[in-house]
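*Asks:* Listed here are the chains, written in short residue letters.
Protein chains: 2
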Amino acid sequence: MAERKTYDVVGIGNAIVDIIARCDEAFLSKHDLHKGFMRLIPAEEAERLYAAMGPAVERSGGSAANTIAGLASFGGKCAFIGKVAADQFGGIFHHDIRSLGVDYTTAPSTDGTPTARCLILVTPDGERTMNTYLGTSVDFAPPDLDPALIEAAKIVYLEGYLFDRLEAKAAFTEAARLARKAGAKVALTLSDAFCVDRHRADFRALIREGADIVFANEKEITTLYEVNSFEEAANAALADCELAILTRSEEGSLIVAAGKSVAIGADPVSQLVDATGAGDLYAAGFLYGLTQGAPLETCGRLGSLASAEIIGHIGARPEVSLRQLAKDRGLLAP
Amino acid sequence: MAERKTYDVVGIGNAIVDIIARCDEAFLSKHDLHKGFMRLIPAEEAERLYAAMGPAVERSGGSAANTIAGLASFGGKCAFIGKVAADQFGGIFHHDIRSLGVDYTTAPSTDGTPTARCLILVTPDGERTMNTYLGTSVDFAPPDLDPALIEAAKIVYLEGYLFDRLEAKAAFTEAARLARKAGAKVALTLSDAFCVDRHRADFRALIREGADIVFANEKEITTLYEVNSFEEAANAALADCELAILTRSEEGSLIVAAGKSVAIGADPVSQLVDATGAGDLYAAGFLYGLTQGAPLETCGRLGSLASAEIIGHIGARPEVSLRQLAKDRGLLAP
Numbered sequence: 036m037a038e039r040k041t042y043d044v045v046g047i048g049n050a051i052v053d054i055i056a057r058c059d060e061a062f063l064s065k066h067d068l069h070k071g072f073m074r075l076i077p078a079e080e081a082e083r084l085y086a087a088m089g090p091a092v093e094r095s096g097g098s099a100a101n102t103i104a105g106l107a108s109f110g111g112k113c114a115f116i117g118k119v120a121a122d123q124f125g126g127i128f129h130h131d132i133r134s135l136g137v138d139y140t141t142a143p144s145t146d147g148t149p150t151a152r153c154l155i156l157v158t159p160d161g162e163r164t165m166n167t168y169l170g171t172s173v174d175f176a177p178p179d180l181d182p183a184l185i186e187a188a189k190i191v192y193l194e195g196y197l198f199d200r201l202e203a204k205a206a207f208t209e210a211a212r213l214a215r216k217a218g219a220k221v222a223l224t225l226s227d228a229f230c231v232d233r234h235r236a237d238f239r240a241l242i243r244e245g246a247d248i249v250f251a252n253e254k255e256i257t258t259l260y261e262v263n264s265f266e267e268a269a270n271a272a273l274a275d276c277e278l279a280i281l282t283r284s285e286e287g288s289l290i291v292a293a294g295k296s297v298a299i300g301a302d303p304v305s306q307l308v309d310a311t312g313a314g315d316l317y318a319a320g321f322l323y324g325l326t327q328g329a330p331l332e333t334c335g336r337l338g339s340l341a342s343a344e345i346i347g348h349i350g351a352r353p354e355v356s357l358r359q360l361a362k363d364r365g366l367l368a369p
Numbered sequence: 036m037a038e039r040k041t042y043d044v045v046g047i048g049n050a051i052v053d054i055i056a057r058c059d060e061a062f063l064s065k066h067d068l069h070k071g072f073m074r075l076i077p078a079e080e081a082e083r084l085y086a087a088m089g090p091a092v093e094r095s096g097g098s099a100a101n102t103i104a105g106l107a108s109f110g111g112k113c114a115f116i117g118k119v120a121a122d123q124f125g126g127i128f129h130h131d132i133r134s135l136g137v138d139y140t141t142a143p144s145t146d147g148t149p150t151a152r153c154l155i156l157v158t159p160d161g162e163r164t165m166n167t168y169l170g171t172s173v174d175f176a177p178p179d180l181d182p183a184l185i186e187a188a189k190i191v192y193l194e195g196y197l198f199d200r201l202e203a204k205a206a207f208t209e210a211a212r213l214a215r216k217a218g219a220k221v222a223l224t225l226s227d228a229f230c231v232d233r234h235r236a237d238f239r240a241l242i243r244e245g246a247d248i249v250f251a252n253e254k255e256i257t258t259l260y261e262v263n264s265f266e267e268a269a270n271a272a273l274a275d276c277e278l279a280i281l282t283r284s285e286e287g288s289l290i291v292a293a294g295k296s297v298a299i300g301a302d303p304v305s306q307l308v309d310a311t312g313a314g315d316l317y318a319a320g321f322l323y324g325l326t327q328g329a330p331l332e333t334c335g336r337l338g339s340l341a342s343a344e345i346i347g348h349i350g351a352r353p354e355v356s357l358r359q360l361a362k363d364r365g366l367l368a369p
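Note that the protein sequences, when read in sequence, are chains L and B. Oh and the first sequence: position 298 is 333 in the numbering used here, straight run, nothing missing. Oh and the second sequence: position 109 is 144 in the numbering used here, straight run, nothing missing.
Mixed in with the good hints there might be a few duds.
The list cannot tell twin chains apart, which means a pair is met if one copy fits it or any two copies do.
[Unchecked claim] Straight-line distance between alpha carbons at most 35 Å, and here's what the computed DSBU-like set of lysine-lysine pairs gives:
id, residue 1, residue 2
1, Lys204, Lys40
2, Lys254, Lys362
3, Lys112, Lys65
4, Lys40, Lys65
5, Lys362, Lys65
Worth flagging that the hints you see were computed from the coordinates, not collected in a lab.
Bound conformation, chain L alone (with noise of 0.2 Å):
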């Protein structure tokens, strides 16, 4: 890591705030929506969707976004850089990441495109459906990056989603140039299978020339690759970069470096209430790790550790402080 940097990670991604609300399986069918996955939705096909929905509760949430707060949480300096409108639910988004610490300070839109939402509709075995509509938050172009920010981190964080806007996804491959030119490391999670399929030549061609360090599931870096095993997966994913982060949901997490792999069980849940956010919070808990020095085992179990915080209640923003959960854990020093 860099010396003298002012931030651990900066993160980039789409500013979103979620609503969430509890569903049978019934619903999912009803409505054509495949269970576990993340789509994009316009405008009117979300006020159908949220007309249709029963009743709900708001929180910021993004995915980037939510890696970050979780960052936060654990005690590391952080800033976020992502789109809002100067409405209401930009006003609760900016409110929390910065109540959180967190440095933010991305002008908002004032064209009167609203602030990004995702319905996120949970089934009663706790999986998460997502259906976003990207309002503002895809007006996110170069211009909206803060060089000195991208320059004062120890690692900078992109959010796969953010490739399915073509000015969003030059600001992405802007802010990846910068950092490396500042010695920062560039970090990349894959986000969604779909996007990853929507985007392959370009995440494939940004991890092989921009990208130190890549986070996925299972279902992700197999549709990266265009490969049937995990292990072919992960192999490719080693020639391209110098570390691949894998999650497999209950099966835990691969870490794997040049030389050498590292196996993290999932740590265990009495509940598994809702499973949104449990990639971003796996990767705030690997993060906060890595730029503390932390060896890589160590590292995925502070994953495991705020994945597993996550899923034991509704939102996809910790709930209590990760730092003290970790020092209770033995995972930090007292």
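Given chain L, work out where chain B should sit, using these hints.
*Replies:* Coordinates of chain B only, in the frame set by chain L:
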């Protein structure tokens, strides 16, 4: 109860979105907040306090609205009258109450005053301290009443908080008049001891002249009658109306009617997470029983059941079907 009524209960109250965050005792001291009470705050104070709060979760609230949501969860047929703005928080409120099958048709205001919000701070002991910015909810006035709704109700349920504005108080008085004329019972909740103190004379007049049923906790009823003991207060209430339901937190509740009183124990709660809405949901259970012709003891036990559900999680709207819960406990026919 009158025959051939479309609605079991029509509720009238402030239409509010709750913004809920955890805090420690030191935060309350620092901001000079009195634990367990509700206070009204102007817009600037709401902004200042919100900026100081930690990350929050947003969900629909409002005292009478919570009661109506609870009644709907029991299977009651209900309507709600209360005012939101045509903004994102207004959209949340509108969606949530209608998604429960509650009729809600009050026209939103469009003058720029935002939807009301309540900043709720939950301390580790589960107590909630509420700071309400009333926004457009108090623009509620007699023309917002829909006489057809009121005339179609078995019970019209009024929230004491609305007494804080003259126009709203006038709407309240008019609603009580319409209700009695149509043969509906009028129920009133005192809402808050400070609110009672501000409007003692008006509350006593309404109970003597316009209300049949009164809900209050120990502090509210002793404040209303300016007496020292719970027993004195109960007797005073019974002299003024036909049915008083007095709640005492973990000591349960006392139902006082002409010639009889029934004591109900509080339901056991595995964990007191957030007391917000405990009184509102007690009223929901009680009124559901009453509209179904259940004996007073069953009404009280339905109230305790709903109250116990709500304090086991964050937020003042039920997270499970109260109807199913009541069936499982043998309080409703399977």
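*Asks:* Hints first: check each against the structure and report whether it holds.
*Replies:* Results for each hint:
1. Lys204 <-> Lys40: within (26 Å within a copy, 59 Å between copies)
2. Lys254 <-> Lys362: Result: close within a single copy only, 32 Å intra versus 42 Å inter.
3. Lys112 <-> Lys65: between (44 Å within a copy, 26 Å between copies)
4. Lys40 <-> Lys65: between (51 Å within a copy, 34 Å between copies)
5. Lys362 <-> Lys65: between (45 Å within a copy, 28 Å between copies)
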